[in-house]
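Protein sequences appear in the order of chains A and B. Number 1366 in the numbering used here belongs to position 183 of the first sequence; there are no gaps in the numbering. Number 1393 in the numbering used here belongs to position 210 of the second sequence; there are no gaps in the numbering.
None of these hints come from the bench; they were simulated from the model. Some hints here could point you the wrong way.
Heads up, the list lumps identical chains together, so a pair's fine if it works in one copy or across two of them.
[To be verified] Listed below are the simulated SDA-like cross-link pairs for lysine to any residue, each with C-alpha atoms no more than 25 Å apart in a straight line:
#1 K1296 to A1386
#2 K1281 to H1368
#3 K1395 to I1218
#4 K1354 to L1210
#5 K1296 to D1217
#6 K1296 to D1399
#7 K1281 to S1372
#8 K1354 to E1317
#9 K1395 to R1385
#10 K1354 to E1288
Protein chains: 2
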Amino acid sequence: MSTASDAAYEAIRAFLITGAAQPGDRLTEEQLSDISGVSRTPVREAVQRLERELLLMRTPGGRIAVPDWSTDEVDEMFTLRQMLESHAAERAATRLTKEQIAELEAVNGELHKTVAHAVPDIALFLDANRRFHEAVTEAAHSPRLAQILAMLVEQPVVLRTARGYSLDDLKQSARDHDELIAAFHARDSAWARAVMSSHLRRAFHAFAAAMKDAKDPAARDAARDAA
Amino acid sequence: MSTASDAAYEAIRAFLITGAAQPGDRLTEEQLSDISGVSRTPVREAVQRLERELLLMRTPGGRIAVPDWSTDEVDEMFTLRQMLESHAAERAATRLTKEQIAELEAVNGELHKTVAHAVPDIALFLDANRRFHEAVTEAAHSPRLAQILAMLVEQPVVLRTARGYSLDDLKQSARDHDELIAAFHARDSAWARAVMSSHLRRAFHAFAAAMKDAKDPAARDAARDAA
DNA sequence: AATGCCCCTATTGTATACAATTTGTGACCG
DNA sequence: CGGTCACAAATTGTATACAATAGGGGCATT
């Protein structure tokens, strides 16, 4: 896509994902124009794009707002993602080249490294995780599927909450990926599907726990003290 | 959404769906501006919308083109739709109100009427069919799911090919809907899911057969003569 | 003090002019 | 005769000015 429109998209997306905007905030095209340094025309295109990726929404009156996701909505999103990404894994199992599997192993190696220490690097973890899932989706060779998944993953609410994941959750994720790679080596579609399915469902519960903590820090502190 | 942008969307959509544009055709924003009677700005917004609904695509150089769907791509689309709409039916089974079920029965009554004669009214059939599926999707109470399904259904290639469906195919569709309604009455999620799943898979095969005929009329004529 | 109405301001929507980019064409060279 | 380079025309991308519309605040009325 064109440079200005792209620049606006990237700038606004970064603005949203880094958490500079809070759910419920209302933004104007002019503000976003200032942030991204281009005129309102490409900003409007970027906003449309971000709207369909669910990173922005419109109020009934047509104003731009930052969506506020309820736990129910995130559940819904994870359910859809589970359904679609399991399908992607199933297809990928019979389509991945040896080189692509090696690539997956390399990416998951990086991911393992990010959780090897007591204080994991969440940003690096999320990046490696994203690349892993993208590679699997890519290997499914289904453009529509890829397009749909692109709008389900990388929701700010999920990224924000990632800080609250326990080290065990993160390590288990990396191990899930290991097992997925094993399924790919075996060219076992059913295995791949099952692993991906439970992987994402576990991720949802990790998310729900982190979200609960974020909303109710007292409970978390009590639990930590008890431990 | 705003009037001009909407008008452009509707006009261009009608232009595409009625088959005035052939797959592979290239269009310019100015042409579309003439068709819809508004300036290029709202046309560009409409084009973006139609792009994400897969009714238009961009060439590598950024020109607007009418997509040419291969049978493989339609297969992929039906597979995704099967997966998602089965899920919708499953959820709808426990969420539909009595009134909504009655509404479904009414809509399917209309649908039955359109195929009661030797020469079915395809346009009316498609309209009733769309409303039936929309009502089920709506009852699933899952906005993202609805959003995703909206971009998968109503592909011009499917609508164009509908003329080639056999009367038996159409009647079977109506009966599938009857069974789905029975599953809803019974509040049986698993049943609803299974019916929707086979319904859409059958629809795909009906489509594939009609598509084959359209591309190779000689084979169809030979088959008819033999019968 | 509460409530409804109206106007004013802020914001989005649309058109148009201009800039950048792509693509086709044709001349020129190997 | 084929290929490639450059140029021109067509097309998309961007900015800006103007129009339409929504929302909020103040004022009047009860």
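- Task: Evaluate K1354 and E1317 at a C-alpha cut-off of 25 Å and name the case that applies: within, between, both or neither.
- Result: Close inside one copy (19 Å), not across copies (42 Å); limit 25 Å.
- Task: At 25 Å max between alpha carbons, let me know whether K1354 reaches L1210 within a copy, between copies, both or neither.
- Result: Result: close neither inside a copy nor across copies, 38 Å intra and 51 Å inter.
- Item | Same-copy or cross-copy closeness of K1281 to S1372 [CA-CA at most 25 Å] | So K1281 and S1372 pass the 25 Å test inside one copy only (16 Å; across, 41 Å).
- Message: Within a copy, between copies, both or neither: which one fits K1395 and I1218 at a CA-CA cutoff of 25 Å?
- Response: neither (32 Å within a copy, 52 Å between copies)
- Is it within, between, both, or neither for K1296 and D1217, if the alpha carbons may be no more than 25 Å apart? neither (39 Å within a copy, 58 Å between copies)
- Within, between, both or neither: K1296, A1386 at alpha-carbon 25 Å: within (19 Å within a copy, 48 Å between copies)
- Up to 25 Å CA-CA - H1368 versus K1281, copy category: The answer is within: 8 Å in one copy meets 25 Å, while 50 Å across copies does not.
- Message: Checking an output row: K1395 and R1385, CA cutoff 25 Å. Within, between, both or neither?
- Response: within (15 Å within a copy, 44 Å between copies)
- Query: When no copy is named, should K1354 and E1288 be tagged within, between, both, or neither for a Cα gap of at most 25 Å?
  - Reply: For K1354 and E1288, the Cα distance is within 25 Å only inside one copy (15 Å; across copies 51 Å).
- Task: State whether the alpha carbon distance between K1296 and D1399 is at most 25 Å within one copy, between copies, both, or neither.
- Result: Answer is neither: 31 Å inside a copy and 57 Å across each miss the 25 Å cutoff.
The structure fails hints 3, 4, 5, 6 (numbered hints given earlier, in ascending order).
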